[in-house]
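Undergrad: With these hints in hand, go ahead and build the complete structure from the sequences.
Residue numbers 9 to 201, in my numbering, belong to the letters of the sequence shown in order.
Rather than coming from a laboratory, the hints here were simulated on the basis of the structure.
A quick note: this is a predicted structure, and the numbers were derived from the prediction, not measured.
Glycine is no exception: its CB is placed at the ideal position from the N, C-alpha and C atoms.
Treat each hint with caution, since some may be false.
What follows is a list of derived Cβ distance ranges for each label pair [to be verified]: (1) Asp167 with Asn74: 23 to 33 Å; (2) Asp167 with Asp124: 34 to 44 Å; (3) Thr45 with Asn90: 51 to 61 Å; (4) Ile37 with Phe197: 39 to 49 Å; (5) Met51 with Leu31: 47 to 57 Å.
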Amino acid sequence: MKNICINYKKERGAILVVSLLMLLMLTIIGVASIKTTTIQERMAGNLRDRELAFQAAEAALTVGENYIITNIETTGEDWITNNLTSGSSDAAECTPVSGLCKEGQTLDPFDGDVWDTALSATAQPLSMNEASDEGGGEAAGVLESPKYIIQLVGTRTVDSSTMTNYIFKVTAKGFGGDANSEVVLQSTFSYIL
Numbered sequence: 009m010k011n012i013c014i015n016y017k018k019e020r021g022a023i024l025v026v027s028l029l030m031l032l033m034l035t036i037i038g039v040a041s042i043k044t045t046t047i048q049e050r051m052a053g054n055l056r057d058r059e060l061a062f063q064a065a066e067a068a069l070t071v072g073e074n075y076i077i078t079n080i081e082t083t084g085e086d087w088i089t090n091n092l093t094s095g096s097s098d099a100a101e102c103t104p105v106s107g108l109c110k111e112g113q114t115l116d117p118f119d120g121d122v123w124d125t126a127l128s129a130t131a132q133p134l135s136m137n138e139a140s141d142e143g144g145g146e147a148a149g150v151l152e153s154p155k156y157i158i159q160l161v162g163t164r165t166v167d168s169s170t171m172t173n174y175i176f177k178v179t180a181k182g183f184g185g186d187a188n189s190e191v192v193l194q195s196t197f198s199y200i201l
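TA: Next up, the structure:
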């Protein structure tokens with residue numbers, strides 16, 4: 009029988025070093041993928057908050073436009089004269105306690121003080137959810153109810169007749185799920201009387 013002699017002097021532990029290096033590479037790849045996943049989750053959450061704010065602002069625009077239509081159809085031109093013209097006493101100088109700005113006043117939609125007293129979309133005859141055909145109540149997941157401000161931009165006579173085209177600017181601000189997600193939208197709205 010032949011004895012097999014193993015020479016232990018030539019082994020240097022190369023397999024151990026290689027396997028430790030491979031384990032280190034797998035750990036680095038795992039940590040990098042966790043960071044990527046965390047960033048993607050944060051981006052998805054921010055996108056969701058922004059979409060909520062955008063939808064809330066869109067609903068507030070719709071409510072504001074419906075508010076104009078309802079008031080004009082109920083009281084006619086008197087509502088405009090009493091609330092939105094330069095001579096009216098009820099309309100604010102664009103520090104809109106009533107959410108209505110006089111004709112000729114400038115409105116900075118990014119001024120936080122303006123929005124502190126603006127009309128809340130849920131405080132008006134139509135709630136935010138009714139504007140989107142979902143039925144009354146407040147929207148789920150938003151930090152604060154959306155708000156809007158109505159401003160009379162000007163008037164124009166239609167085709168030299170007795171009809172007048174009233175042009176309004178409705179500015180709406182919607183909020184998402186946290187304080188960092190706000191969207192300001194503006195629409196121009198025309199109504200002929």
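Undergrad: Report the numbers of all earlier hints that the structure fails to satisfy, in ascending order.
TA: 4, 5
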